[in-house]
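Residue numbers (my numbering), protein chains in the order written: chain A, 2 to 325; chain B, 2 to 325; chain C, 2 to 325.
Derived by calculation from the structure, the hints in this document are not laboratory data.
Please note that a few of the clues may not be correct.
The list treats identical chains as interchangeable, and a pair is accepted whether it falls inside one copy or across any two copies.
Using 27 Å as the maximum straight-line C-alpha spacing, the simulated DSS-like pairs for lysine-lysine come out as follows [what the hints assert, rightly or not]:
1. Lys-199 with Lys-95
2. Lys-95 with Lys-126
3. Lys-308 with Lys-54
4. Lys-301 with Lys-318
5. Lys-37 with Lys-79
6. Lys-95 with Lys-61
7. Lys-301 with Lys-250
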Amino acid sequence: MSNPFFNNTGPYKIDFLLEKIDLKIINKDINVTDIKDLFTASNGNITFFHSRKYSEFAKKTKASFCITNSSLKHLLPKSCIPIISDNILFTTSKITEIFYPDSVNDNFDDTVQNIEKTKYKEKVKLGKNILIGNNVKIGQNCSIGHNTIIEKNVEIGDNCSLGSNVIIRNSILKNNVHVLDGCVIGKKGFGFLPSQNKNIRYPQIGMVLIGDNCEIGCNSTIDRGSLSDTIIGRNTFLDNQIHIAHNVKIGDNCIIAGQVGFAGSSIIGDNVMIGGQAGVSGHLKIGNNVHIAGGSGVIKSISDNSKVMGYPAKELKKFLKDNK
Amino acid sequence: MSNPFFNNTGPYKIDFLLEKIDLKIINKDINVTDIKDLFTASNGNITFFHSRKYSEFAKKTKASFCITNSSLKHLLPKSCIPIISDNILFTTSKITEIFYPDSVNDNFDDTVQNIEKTKYKEKVKLGKNILIGNNVKIGQNCSIGHNTIIEKNVEIGDNCSLGSNVIIRNSILKNNVHVLDGCVIGKKGFGFLPSQNKNIRYPQIGMVLIGDNCEIGCNSTIDRGSLSDTIIGRNTFLDNQIHIAHNVKIGDNCIIAGQVGFAGSSIIGDNVMIGGQAGVSGHLKIGNNVHIAGGSGVIKSISDNSKVMGYPAKELKKFLKDNK
Amino acid sequence: MSNPFFNNTGPYKIDFLLEKIDLKIINKDINVTDIKDLFTASNGNITFFHSRKYSEFAKKTKASFCITNSSLKHLLPKSCIPIISDNILFTTSKITEIFYPDSVNDNFDDTVQNIEKTKYKEKVKLGKNILIGNNVKIGQNCSIGHNTIIEKNVEIGDNCSLGSNVIIRNSILKNNVHVLDGCVIGKKGFGFLPSQNKNIRYPQIGMVLIGDNCEIGCNSTIDRGSLSDTIIGRNTFLDNQIHIAHNVKIGDNCIIAGQVGFAGSSIIGDNVMIGGQAGVSGHLKIGNNVHIAGGSGVIKSISDNSKVMGYPAKELKKFLKDNK
Numbered sequence: 002m003s004n005p006f007f008n009n010t011g012p013y014k015i016d017f018l019l020e021k022i023d024l025k026i027i028n029k030d031i032n033v034t035d036i037k038d039l040f041t042a043s044n045g046n047i048t049f050f051h052s053r054k055y056s057e058f059a060k061k062t063k064a065s066f067c068i069t070n071s072s073l074k075h076l077l078p079k080s081c082i083p084i085i086s087d088n089i090l091f092t093t094s095k096i097t098e099i100f101y102p103d104s105v106n107d108n109f110d111d112t113v114q115n116i117e118k119t120k121y122k123e124k125v126k127l128g129k130n131i132l133i134g135n136n137v138k139i140g141q142n143c144s145i146g147h148n149t150i151i152e153k154n155v156e157i158g159d160n161c162s163l164g165s166n167v168i169i170r171n172s173i174l175k176n177n178v179h180v181l182d183g184c185v186i187g188k189k190g191f192g193f194l195p196s197q198n199k200n201i202r203y204p205q206i207g208m209v210l211i212g213d214n215c216e217i218g219c220n221s222t223i224d225r226g227s228l229s230d231t232i233i234g235r236n237t238f239l240d241n242q243i244h245i246a247h248n249v250k251i252g253d254n255c256i257i258a259g260q261v262g263f264a265g266s267s268i269i270g271d272n273v274m275i276g277g278q279a280g281v282s283g284h285l286k287i288g289n290n291v292h293i294a295g296g297s298g299v300i301k302s303i304s305d306n307s308k309v310m311g312y313p314a315k316e317l318k319k320f321l322k323d324n325k
Numbered sequence: 002m003s004n005p006f007f008n009n010t011g012p013y014k015i016d017f018l019l020e021k022i023d024l025k026i027i028n029k030d031i032n033v034t035d036i037k038d039l040f041t042a043s044n045g046n047i048t049f050f051h052s053r054k055y056s057e058f059a060k061k062t063k064a065s066f067c068i069t070n071s072s073l074k075h076l077l078p079k080s081c082i083p084i085i086s087d088n089i090l091f092t093t094s095k096i097t098e099i100f101y102p103d104s105v106n107d108n109f110d111d112t113v114q115n116i117e118k119t120k121y122k123e124k125v126k127l128g129k130n131i132l133i134g135n136n137v138k139i140g141q142n143c144s145i146g147h148n149t150i151i152e153k154n155v156e157i158g159d160n161c162s163l164g165s166n167v168i169i170r171n172s173i174l175k176n177n178v179h180v181l182d183g184c185v186i187g188k189k190g191f192g193f194l195p196s197q198n199k200n201i202r203y204p205q206i207g208m209v210l211i212g213d214n215c216e217i218g219c220n221s222t223i224d225r226g227s228l229s230d231t232i233i234g235r236n237t238f239l240d241n242q243i244h245i246a247h248n249v250k251i252g253d254n255c256i257i258a259g260q261v262g263f264a265g266s267s268i269i270g271d272n273v274m275i276g277g278q279a280g281v282s283g284h285l286k287i288g289n290n291v292h293i294a295g296g297s298g299v300i301k302s303i304s305d306n307s308k309v310m311g312y313p314a315k316e317l318k319k320f321l322k323d324n325k
Numbered sequence: 002m003s004n005p006f007f008n009n010t011g012p013y014k015i016d017f018l019l020e021k022i023d024l025k026i027i028n029k030d031i032n033v034t035d036i037k038d039l040f041t042a043s044n045g046n047i048t049f050f051h052s053r054k055y056s057e058f059a060k061k062t063k064a065s066f067c068i069t070n071s072s073l074k075h076l077l078p079k080s081c082i083p084i085i086s087d088n089i090l091f092t093t094s095k096i097t098e099i100f101y102p103d104s105v106n107d108n109f110d111d112t113v114q115n116i117e118k119t120k121y122k123e124k125v126k127l128g129k130n131i132l133i134g135n136n137v138k139i140g141q142n143c144s145i146g147h148n149t150i151i152e153k154n155v156e157i158g159d160n161c162s163l164g165s166n167v168i169i170r171n172s173i174l175k176n177n178v179h180v181l182d183g184c185v186i187g188k189k190g191f192g193f194l195p196s197q198n199k200n201i202r203y204p205q206i207g208m209v210l211i212g213d214n215c216e217i218g219c220n221s222t223i224d225r226g227s228l229s230d231t232i233i234g235r236n237t238f239l240d241n242q243i244h245i246a247h248n249v250k251i252g253d254n255c256i257i258a259g260q261v262g263f264a265g266s267s268i269i270g271d272n273v274m275i276g277g278q279a280g281v282s283g284h285l286k287i288g289n290n291v292h293i294a295g296g297s298g299v300i301k302s303i304s305d306n307s308k309v310m311g312y313p314a315k316e317l318k319k320f321l322k323d324n325k
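Just chain A, same shape as in the assembly (with noise of 0.2 Å):
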C-alpha cells in the first residue's frame, strides 16, 4: 500500500546527504531515491544494519547504500556501498529527516476547514464542528460526530463512524470501521534517541492501517508506524482507553478488553483475546488463538492456542495452581 502522508523529498546525491550530516564524501555522483529497511530496500536506495540479527536480511538486501559499521560492513553484498557510522540509528534518523522532513514532528494540519465547505456536506452525516484537511477520502454511509478533525490524506473506507472528538492523521480505515469518541489515531510514535538536555525524535513516517469490521473504543491512542505500519486486522474490537504503540500488528478476531496496552512493534495473532489493563511488552510474537487473563505482563513471546495468566505471564493452569 502506497504511503500518502509523507512526501519524499529526493533523490539527493549520496555525497550531498553525508555532507548534511558531517559525514566523509565519498566522491561518488550517485542518486539516492529513498531509505528503507534492508528487506524491502530496492536498487539506488539506502538502508540501515546495526545488529548481527539482521545479517540474513543484510546479505541479500538490494539497497545500493548501507549505513553501518566496521565489524558489519563485511557482510553486505557487493553490490551495496557501506556507509560507516559511529551511531547508525542517529544517521539513519537524519538521513530519513532529509527525504521526509515533516515526519519528525506533529504539528497539526493547517490545511484543515469546516467539512460543510466540502463535497462531504452532502455525502456524509455530519455533526457540528467537524475539520477536514486536503485530499481526506470518504467512502458511502459514513457518519462523522461534532468536533472531529480528519487530517489530509486520510482514507476512510464504506460504512464507517468516527464519534465525537476524534482526531485521526496519517491512518487508513477499511470498510465498517467504527472509532468511538475521543481517540487520538495516526499520531507518531513514542520514537526517540536519548540525549542529554535535548532527545532527538526518530522520524515516524509509517502509517495506522485499520481492517473491515475494527471497533475502537473512547480515549483509545493509536500511534502509526516509525518506517513500517501499525496494523489493527479485520473485525478486532478494543474497548476503552487503549494504547497501541507504533509498528505494533493485531491479527483478525481479536476482542481487546479496557486500558490494554501494547509496548512497541509487537506482533499480535488472529483471534486472540486479551482482558482489561493486560501490558504486552515490545518486539514479542503472540501467536494466534492466545487467551491473555486481564492484568497479565506479557514479556515473552506466546504460541499459538496457549492460555496464560500473570506477570510475568505465564501457563494459566500454573498461575491458578501457583496462587491457589
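Once you have looked at the hints, place chains B and C on chain A.
Frame of chain A; chains B and C shown alone:
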C-alpha cells in the same frame, strides 16, 4: 426510573418477530409488548433463559414468551411459552434490536444545537461551543465548560458542573455532580457476540445513573448498561482515567484513585477505597468498607470490611507477609 | 516562582478567620497575610502542623500562627501562636479557602475568547477554534492545534507546540515543550477530606511547571499541586495516557512509557526510565538513574542506580530469578 433514551417501537405480534429472525412461527395472534430479563418481565413481555444459574428466576417469570433451548424449557411456568433457539443470546439480541432499533450503535446525536440558541443561555453558566440535544434537562446553578456535548434527553440536577470537552449521553446526573474535562459518559458497552469476520453488536439500552455529590475525574469513561443500568452511588469520587464498563454498580462514599478499571457487571459496596491502577474483573461482588490496594487485580468477590492487595488480590496481611 | 493563578484575598485579622470557621477567637488584633506550609511560612503567615513527622520543621517555623492540636503545640517556637483544632486538615482547608476562594473547584475559565481576536493571531501558528484566557503569555515560534483551550494566566515559552483538543490551566511551560493531543494539564488534584454524604474538597493552589524540551503524550493528565507544585524536569518525555497526580516532582531526562501512573507527592530523580503501565505509589522517593520495568508496582522508595521489577517492585535480578 423510566428510561427516556430508547424508544420501544413495539408491540409486535409474536409471529412477526419470529419470522423476522428466521425462527419457526407458532401461529399465535398475540402481541409482545417489550423484552425484559427473567426477573423484571411482566405479562405480555418476552424474555430469555440461557443458563441454569437463573433457574429460580425462570420458574417464577411472568413473561409470556421466553427464548430458551430444549433442555431448559421444562423449567418455565406454564404461563410462559418457550421459543426454542440454537443461539439464545443471538436471538435475544435480534429481538431487542427490533424493539429498540437505535440501541446497537452510538452514532452522534444529530439533534444537537449550540446551547446559545436554547433557553439554557440565561440559566446556566456557559463556556463556548457547547452542543445540546433535544429535551435535555439542566437544573439550577449549573456550569458547563467549553466544547462539551450533552446529547438528547440527558438529565442534569442542580449545582452540577461539567468540564470542557465532555461527552455525555444516555445518562441521568443527580445534584452537585462534577464531571471533569474529557470524560465520555454513557456510550454503549463493549458487548457483542463474537463471530468470525463480523461480530454482532449486542443492543445496549441501559443508562448511566450518577448520584448526588459525585466527582468523575478527567478523561474517564463510563459505559451505559446493556439491559440494566450502570450506577455510581452518592458522594463517590473517581480520579482521572478511570474506566467503568457496562452494568457496573458502585456504592456510596467510595474513593477510587487514578487509572482504575472495572470489567462489566461487578457490584461494589459502600465506603470502598481503591488504589490507583487496580482492576476488578467482571461479575464480582465487592462488599462494603473494602480496601483494595493500588495495582491489585481482583478476580474473586470480596466480603465486607476486607483489605486486599496483589494480583490475584488476597488478604493484605498475607500479601505483605508473602512479599517481605 | 510566583504563582499567577490564585489571588490571595488577604490579609485577614486572626479573629475574623477563627470566627468564620467557628473556632474560639483569641482577642488579638493581628493581621494574617497568607497560609503556607511550616517550612515556607514567614512572619505574619498562618501554617499547620498535624504530624510528628514534621517536628523539625515545626520547631523552626517562622509563622505567626499554627493550626495544630494539644499534643503537638509544645513543639512550636514561642513566636508562633498555636490555634487548637480537633481536625487540623479540615481547619487548614477552610482557612486556605478564605484566602483563595477560587481554589476549590475547577470551573472553566469564562474569560476565554477565540484566539483570532487576540494579538496572538499573527504571532502563533494557529489551528481552528482555539480559546485563550486573559493574560496568557505565549513565546516566539509556537504552534497550537485545533479546539485547544489555554486558560487565563498560563505561560508558554518559545518553540512550544500544543496539539489539538488540549486543555491547559494553572501551568507554566518553558521552551521547546510539546504537549500532544487530548492532554488535560493543571486541573485540581484528587484531594479532599472524605466525609459521609459530602466530601470536603481541599483547596489546590499549586501549579504545573514543565521544563525545557519536554514532551507529554496524548490523552495524558497532569494535576496541579495542592500547596506545592507539580513539576516535570528538563528533557523528560512522557508517552500516551500517563497520569501524574498532584505535587509529583519528576527530574530531568526521564523516559516514561505509556499508561504509567503516579500517585500524589512522589519525587522522581533524573535519568529515570519507567516501562509501560508501571505505577508509583504516593509520597515515595525514586533516586537518579533508576530503571522501573513495565507493569511494576512501586510501593517503597528506591535508591539511586537501582533496576526494579514486579509488584511489589523488587531488585530486577531477584525478580527474574524468582520468576524463572
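Original post:
Against the structure shown, which of the earlier numbered hints fail to hold, in ascending order?
Top reply: Nothing - there is no hint that the structure violates, so all of them hold.
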